[in-house]
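Colleague: Residues per chain, in single letters:
2 protein chains.
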Amino acid sequence: MINDLVLRAARGEKVERTPIWLMRQAGRILPEYRAVRSKLSGFKELVESPDLACEVTIQPVDSLGVDAAIIFSDILVIPEAMGLPYQMIEAKGPWFEKTIQSQKDIEQLRIAQADDLPYVMNALKLTKRELNNRVPLIGFCGAPWTLLAYMIEGSGSKTFSKAKKFLYTQPQLAHQLLEKITQSSINYLKGQVIAGADMLQVFDSWAGILSPEQYTEFSLNYISQICNAVKEVPLTVFAKDAYFARKAMSQLNCATIGLDWTMDIAESREIIGNTKTLQGNMDPCLLYADQDIIKKETIKMLKAFGPNRHIANLGHGIYPDTEKDKVKFFVDTVKEFRH
Amino acid sequence: MINDLVLRAARGEKVERTPIWLMRQAGRILPEYRAVRSKLSGFKELVESPDLACEVTIQPVDSLGVDAAIIFSDILVIPEAMGLPYQMIEAKGPWFEKTIQSQKDIEQLRIAQADDLPYVMNALKLTKRELNNRVPLIGFCGAPWTLLAYMIEGSGSKTFSKAKKFLYTQPQLAHQLLEKITQSSINYLKGQVIAGADMLQVFDSWAGILSPEQYTEFSLNYISQICNAVKEVPLTVFAKDAYFARKAMSQLNCATIGLDWTMDIAESREIIGNTKTLQGNMDPCLLYADQDIIKKETIKMLKAFGPNRHIANLGHGIYPDTEKDKVKFFVDTVKEFRH
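Sequence lines, in order, name chains A and B. Just so you know, we're using the working numbering here: the first sequence kicks off at 1 and counts up by one. Just so you know, we're using the working numbering here: the second sequence kicks off at 1001 and counts up by one.
Check each hint, because a few of them may be wrong.
In silico lysine-lysine, DSSO-like type, Cα no more than 30 Å apart, as pairs [claimed, not checked]:
1) B:Lys-1128 - B:Lys-1180
2) A:Lys-44 - B:Lys-1128
3) B:Lys-1165 - A:Lys-335
4) B:Lys-1303 - B:Lys-1039
To give an idea of the interface, some chain B residues facing chain A are shown, with a C-beta separation under 10 Å as derived from the structure [claimed, not checked]:
5) Ala-1035
6) Glu-1097
7) Gly-1156
8) Ser-1161
9) Leu-1210
10) Ala-1242
11) Tyr-1243
12) Pro-1284
13) Leu-1287
These are calculated hints, taken from the structure and not from any lab test. We put the beta carbon where it would ideally sit given N, CA and C, even for glycine.
Only chain A is shown next, with the shape it has when bound in the complex (with noise of 0.2 Å):
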């Protein structure tokens, strides 16, 4: 690997600048991306065809200059190759035509092997062939509760109140659920990583809105469970707003932890330990501010994560009104800076 950065620094080992790459790096911030997507029907479209899923991950490689790629694919396609399809309505989110309502339904869902993807897989191969090892290619899945949380509600959602009215009401049928999901995704992972991702990240979007037990019960648990079974490449949990969680993600069996905006990096730190690398952690919106605030803020950030077992980042996903040359400017304060 010509750039090894993002994975030594998820090793733990010394880096001579801090790492960075950027979720949603690959997207509508970017004019290359537009072109691209506005030649084809949907968004699905996109992450169906490998060539231009695979062309539009590197994209930011090239026009960003970040240190990592990350396979352009959504967290939905587990539900769809578990039996559940879903629709990207422009400017809505996702849609489910079917929901999981009851036993029947749950045990109509296949446990989903990587050969159901072979888009996903296919684009893995061939952005890691064309990547040539300029840098490492991240692959990723949802987690397994917030994939439960759209399976059952069927939509994005404020509250995602069905959902949790779920785990109340039904915590065995939750339960079932989430093992199948949870082994779907397991496999998934181990095929992203035979197909060529070099490290892998769990999203769990939709942490926060649960208390610091149900997390436990209904999401933690099997992140574990994810962890403990792919080995095979550091692996990263970003568990958005469960700030609540820190200590018990500490335990967990991986290798980096994601921290949103909210979470200070002292104090994350100190909840965590030395022994992860965390990642993170910059306010989408500070790219909205002047260059000179955008440094400032920046810097500031390096400094408190220290230069060793960080890999710089957002706290969330780029919003896609953020200009282009913000965003180089925030990869560039980076990559310039030294400790």
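Once you have looked at the hints, place chain B on chain A.
Modeller: Only chain B this time, still in chain A's reference frame:
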């Protein structure tokens, strides 16, 4: 006051049992509310009709047996009184035709006086009389940051990225606007006390999307001004998701701090100390569960808070699809419990 448990708990006095009221207790969960509402053109007609607002304010005191009434109104009456009218769009939420973009927009805003909101003042007077001292009457307002967020964004939002962009790009203007909102809110709360409010609550609904540093600068400073200015009756500050601000909130000149359901009770008490009453903090989704689970979790919560300096509530407003019987069962469970 026949039942002043909530007031005594707020002041830190001993109580025979833990008092309870619920955020959004007057609303869609009550059939008698839906009956009133169905005859009207919209939500705002109810807010602006003192006799009807009084009627729905008292409904949950009668039918749920809660220990306080909270005036039926909306936090967005303040932006409107300042010169930014809003509409409440069915199933969508608030919408502002005009938003704040520039210094000129801010200069054109009035500082609201209590007299600018005669329908709220009249609703309070009427309710105070009709309640006839059965339970305390709570008045409220939105926190300045939360109101600014709506005034810039123009509607609800998952990220409030326009409002946050304003903080990053126009911090001086943001402070000018926050000053005006704060002055208006102080006038408004003082007016509510004169009109009959026995207690007050400041709702910072969008506290959790700011970084801790921005929260201190753009929200807590202004909440603190309100707390220092309005000393007539006990005041509660509820900053949803602002777990990181609990220490700082313990220094506010207020009686009670609201907790959401992600905040561990023992940890929050340790962070906040013993000089504040705590309010909350059940997950609203618990009320979807069976009675035995509601009972078990409620008693666990009551024990964790202990016998004094606690006002039972949810950690957020009741979700509109909650069954009234479950809500009543939750209220009764709290009222029947003895430490």
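Colleague: So, for every hint listed, does it hold in this structure?
Modeller: Outcome of the hint check:
1. Taken as a hint, the Lys-1128 of chain B and Lys-1180 of chain B pair is honoured in the structure, with Cα atoms around 29 Å apart against an allowance of 30 Å.
2. Using a Cα cut-off of 30 Å, the hinted pair Lys-44 of chain A and Lys-1128 of chain B is violated, with the two alpha carbons roughly 57 Å apart.
3. For the suggested pair Lys-1165 of chain B and Lys-335 of chain A, the alpha carbons sit about 24 Å apart, so the restraint of at most 30 Å is met.
4. Proximity of Lys-1303 of chain B to Lys-1039 of chain B is assessed by CA-CA distance (about 43 Å); at most 30 Å being required, the pair is judged violated.
5. Contact between Ala-1035 of chain B and chain A, as hinted, is not supported at the beta carbon level, the nearest pair being about 24 Å apart and thus beyond 10 Å.
6. Annotation: Glu-1097 of chain B was flagged as interfacial toward chain A, and the flag is violated, the nearest CB pair being 21 Å apart, outside 10 Å.
7. For Gly-1156 of chain B, the shortest C-beta to C-beta distance to chain A is roughly 8 Å, which falls under 10 Å, so the interface hint holds.
8. Here the hint on Ser-1161 of chain B is kept, as its CB sits about 5 Å from the closest CB of chain A, short of 10 Å.
9. The beta carbon of Leu-1210 of chain B is positioned within 10 Å of a beta carbon in chain A (closest approach about 8 Å), and the interface hint is therefore held.
10. Interface restraint check for Ala-1242 of chain B: the shortest CB-CB distance to chain A comes to about 8 Å, inside 10 Å, so the restraint holds.
11. Among the interface hints, the one on Tyr-1243 of chain B holds; its C-beta lies about 6 Å from the nearest C-beta in chain A, closer than the 10 Å criterion.
12. A distance limit of 10 Å between C-beta atoms decides the matter here; for Pro-1284 of chain B the minimum to chain A is near 8 Å, and the interface restraint holds.
13. Given the 10 Å rule on beta carbons, the hint for Leu-1287 of chain B holds: about 9 Å separates it from the nearest Cβ of chain A.
Going through the hint list in order, the structure does not satisfy hints 2, 4, 5 and 6.
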